[in-house]
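S.K.: Model the full assembly from the supplied sequences, consistent with the hints where possible.
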Amino acid sequence: MLALIVFLPLAAFLAILLGAPARLTAVGAAALNLALALYAAATWHCPCWIFSEPVLAKPAIHLAFGFPDGMSVVMVLLTAIVTLAAVLSGKAPEGRETLYYGSSLLLSGGALGAFAATDLFFFYAFHELALIPTFLMIGILGRGERRAAAWKITIYLGLGSIVLLAGLVWLANLTGTFDMGKMADAGRIDPVAQKGIAGLLIVGFGTLVSLFPFHSWAAPAYASAPAPIAMLHAGVLKKFGLYGLLRLAIPLVPDGLQAWLNPLLLLLLGNILWVGYVTVSQKRLDLMLGNSSVMHMGYIFLAVAALIAFPENPLARSAAIVLMFAHGISIALLFGLADRIERCTGSIDLADLGGLGKSAPALAFMFGIAAMASIGLPGLANFAGEVLVFLAAFKSYDGTSGLGPVQVTCILAIWGVVISAVYMLRAYRNIFQGPAGTLTSSAPDISLTDRIPALLLIIVLLAVGLYPNILLNLLK
Amino acid sequence: MNHLLPWLLLFLPLAVTAANQLVLKRTGLAPIVSVASALATFVLAVMLMGTEGTAAFAWASIGDFHLDIGIKLDALSTGMMLVVTGVGLAVHVFSLAYMKDDEGKARYFTGLSMFMFSMTGIVLADNFIMTFIFWELVGFSSYLLIGHWYQKESAADAAKKAFITNRIGDFGFMIGILMLWGITGHLTFDQMQPGLQAFRAANPSIWVGVVSATVLCIFCGAVGKSAQVPLHVWLPDAMEGPTPVSALIHAATMVAAGVYMLFRVQTTLGTEVFEQLPASDVIAWTGGITALLAALMATQQDDIKRVLAYSTLSQLGYMVMAVGFVAGDAGMFHLFTHAWFKALLFLGSGAVIYACHHEQDIWKMGGLVKKMPLTTLTFAAGCAALIAVPGTSGFFSKELILDAAHKAGSPLFWVGALVAALTPFYMTRLFVVAFLGKHRSENAEHAHEVGPLMLVPLGLLALLALLSGYSFLNRFSPALPEDHSDSIHLNIVSGISLAALLIGVLAGWLLYAGKEKDPVCIPLLRDRFKFDWFYDTILIRYFQNFLAAVIHFFDEFLINGLLVGGLTRCAEGIGNVFRRVQSGNLQAYAFAFGFGVILVIYLTVFI
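Top line first, the protein sequences correspond to chains A and B.
In terms of my numbering, the first sequence is residues 1 to 476.
In terms of my numbering, the second sequence is residues 1001 to 1607.
What the hints contain is simulated information worked out from the structure, not anything from laboratory work.
Incorrect hints may have been included.
To be verified - Straight-line Cα separation of at most 35 Å, DSBU-like style, residue types lysine-lysine; simulated pairs:
#	chain 1	residue 1	chain 2	residue 2
1	A	K283	A	K358
2	B	K1025	B	K1100
3	B	K1364	A	K358
4	B	K1105	A	K358
5	A	K358	B	K1515
6	A	K283	B	K1530
7	A	K283	B	K1105
8	A	K358	B	K1100
9	B	K1105	B	K1025
M.R.: Printed below as a string of structure tokens:
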């Protein structure tokens, strides 16, 4: 069953290559896949979702999918939701529909495969598969300095992937299996090897999630990428690194991660504070959103760090998952709407805009919700994730022995909540408020068809934000 | 406790917000529905008076850990609900007239309903995370309403400033909540005290320091929301919002939420604990300094709403000071009386502004008593309560705060007494300049009395401003000191405050009666002690923006340029080699990639 969810976008991709109507096929496949993903979310405990087909006998590699726990379900659901929104949001340049929609589907299929795979080989390979359309779309259909951006992301993520590969191969070598479910059975890994593997995984996965200081690829790539690619990569594919840390590193090399805890805390503060202030100084909405997305990864890393520091901490794990999901939805919404802003005004430069709320009230309303979600307003999904992260970081604090490194990091990280409000409200102020200028006074509002994907994402943000147990119940 | 009513009280305004936003805003029904909802919540609040109990549902559950949305009904929360819904109803009705020609009317009433929902949540919350949730939502509603006229630069800036300043306070607040959770092991108010006692018993030497630090972090939240120095700067700017909003949010309810929250913490953890904490002194001094600085700034404002805004700051300072003297019940009583008379004053100023075609400068008013006698009468009642004329509600509540300061033997008593003289001074100035004498502008000359939709709320609030200190009304106060009486005794405290009142009124009258322009000019006070200049120029422009630019520079040229650029050049070298082999198209890349991966894994694992 699960293989159907993974291969449906890939089949639709092939159909488009063979000449099926691109947009229709893409939207149809994405909608069907969302229905399947929702069905999967309702019934994921059923063994019927497990799929395994041997590919290679020696070494034993299987094309295997399954839901080892609720985290995979949530990630699959996130992918399906963002995919539908992305293919609905996009407007392909004349004559490039095949490439445009095909790439989105390929990316989606790769991400689904990576999150559903239970075999280490396909876990890695599907992610790499999803990166290819990312690079190509930025290089071919990107805006601005697309070639530089494409090169940068290719090299960064390529190097990150190689480091990651080294770590994964080492892991497979020590455990003697590619079956991710059986790796833990091989017994405790020797501490020295743990430390090495943990370091490789943090750098490898970290680069893919734009962990400071390996973050420079993200903002230019997202600013340049066509909207659906920015939505899918920032919203979904980037979470692969965090997913990988939670899926593999935490259970398999816990002692090794302990050794890297303090450096990780410093790096995640780099994401939140350093990149936070970089975000403040951005003058273009797309670069600002790209940097904000890098910044907010710091909070998910904080949850990972809390999980490393106090392994018996179910709060941290759930917090990370909720925040991955929430950030994925909200950043996809922001990138989608930023594209609408550019399309209806012709500019993305904060200094050029202003007063757009008057001529485009629906766009202003939707962007407002997205901005508020991103700065952690309660009632929208991101807040639930953030507050759980903070609670997770303070789980072991009891007042008697002072604040530990994780708590101190958490306190500094909470300052990021102020930084987010500064840049997000400044952007909103500059785009939608104040007197209307030449670009904005007669700009058209967001069209009815463009509202559908935005509303889809807003409903999800509200549902999870108003009642986080909707999502948390999946993790039981 | 009846289980349906409190939930209805909480969620009805949310339902109305959603209905307005989704459907009703196009039909013109939004204002009526919002007013009906305000009336319904007021009736519910009255019905819930005197009930006690709790109810909760799990909002976020992870294993056996739960974050709840819960309701706690007790004298404090039901009394506060009466204030919130009472002022809320008056403001809703008043707004029907005040906003009737505004094109964003539906949006405005939607915002008001959103605010009522958020404020109700703070008041009814039975745990700290829920308080924080609604605390943020209140800030958001305030952002929406301050920025109602968002095309105006100043309104848009004020909304942003309010939100961000509140966020700075909430930074501390969140840390405080987390620490308190760590210390007591609970987030629910009812369970905190045993946890704290256990912590105290186990850590006799450090508990005072740890709990003080925690309380101070929590206090940061109140400093933001209740606009205490140094985070007070957003409140005067918030006057950019429509005037009824100022009455409801920025005078009576939201800004009082900080005091309410502090008092909730004080009663939850125990007053006996607070008496031992050095944090209490910090709270008292913050309140006292705010009361004094704000009163000084109020004396030199020309905008009628800004005078009232600084006055609000000053009165909030009194309340916070009372909490610091562990006399939070006196502070809550002052919150109760202040809510009525300050809402009255703001709505009265709204009526004046409306009648004078949106003129807000008191020096361009004058002579309004002849044009708008009923409004003037109610405004005078509000003034009387604010300056604590004996027998009015403000007199009784302020007396209790000064009493507490006197009993504590703190020099803050004299600060309080000074504020008690400054308040009648600036209010006399306001009243004399705006309402008496000759009209000084066309707008004032053509002013005429407002209609019944405005006068009825004003009249009712005026009655409350005068009478809510007496026992038939003050028993509805969220809290009341036990030794309180509603008769006037002459003692050292009341003697000093009477003297202050007389000096203030007399000085105001002598200086301002019959004047055409302000005879006093103190630049430091007009510049609001340079707080805004310091924040805008030093902290925001030079510190924050400069810091951001420097970090951006290093990010671009150090991390991106040198550190990573070096790696990139290496990779480009390799890339060049590969490029000769690779055709660069999708299929070839994918194939090579997959093949390469398999090869690498195979070689590593098996050879």
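S.K.: Which hint numbers does the structure go against, in order from smallest to largest?
M.R.: Number 5 only.
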